[in-house]
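S.K.: Make the full structure from the sequences, and use the hints.
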Amino acid sequence: MQRFLILAILLGFAVLIAGCGDPNLGPQIEKVVPVSGTLTYQGKPLEFFQVTLLPTDGRRAAVGITDAAGKFTMGTNDKDDGAPPGSHKVAVVWVGPQSEVDAGNEVIVDDPSRLPKPSVQIPAKYANPETSQLTQEVPDGGLTDLKIDLK
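When you read off a place in the sequence shown, starting at 1, and then add 553, the result is the number in our numbering.
Take these hints with a grain of salt, some might be off.
Calculated pairs, SDA-like style, for lysine to any residue (alpha carbon to alpha carbon, straight line, at most 20 Å) [unchecked claim]:
1) K704 <-> Q595
2) K584 <-> D631
3) K704 <-> G596
4) K624 <-> V586
Note that these hints are calculated values from the structure, not bench results. These numbers come from a predicted model, not from an experiment.
M.R.: Written out as structure tokens, the structure reads:
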């Protein structure tokens, strides 16, 4: 009986240790500051484009989707919560109108030609942070008037 009790305690301890994974393996909550601005191409606002700020030190990227006026607010840990301060590379891609589909009920389009097309075509180089040649410094106080004008 005593062997059974010791075995049960050891087994319980092993389960407890196994359940306590390394907290550093989960998603890290980034320190962010408010960042918002306007995206334009040749001076005209871009709608339904995603602006991505990729920190050069490897932290989590911030993203924001533009509205009809080209305005966006960046989010990193959550929608519209801001971007990490520091130096960033920038990428811009068209994502199209965002649907209000419930999770688990994604719309699948078998024919890519049926997908909506952007009203403005921007140069492909902007889709890649390595070729966009765009960089942005985010100060510790944040940015509320960031202007990105693509040429």
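S.K.: Does the alpha-carbon distance linking K584 and D631 stay inside the 20 Å limit?
M.R.: holds (12 Å)
S.K.: Please verify whether K624 and V586 have alpha carbons no more than 20 Å apart.
M.R.: Roughly 17 Å separates the two Cα atoms, so the pair holds.
S.K.: For the pair we were handed, K704 and G596, check the Cα-Cα distance against 20 Å.
M.R.: holds (8 Å)
S.K.: Between K704 and Q595, is the straight-line Cα distance small enough, at 20 Å or below?
M.R.: This hinted pair holds, its Cα atoms lying about 5 Å apart.
Of the numbered hints given earlier, the model fails none.
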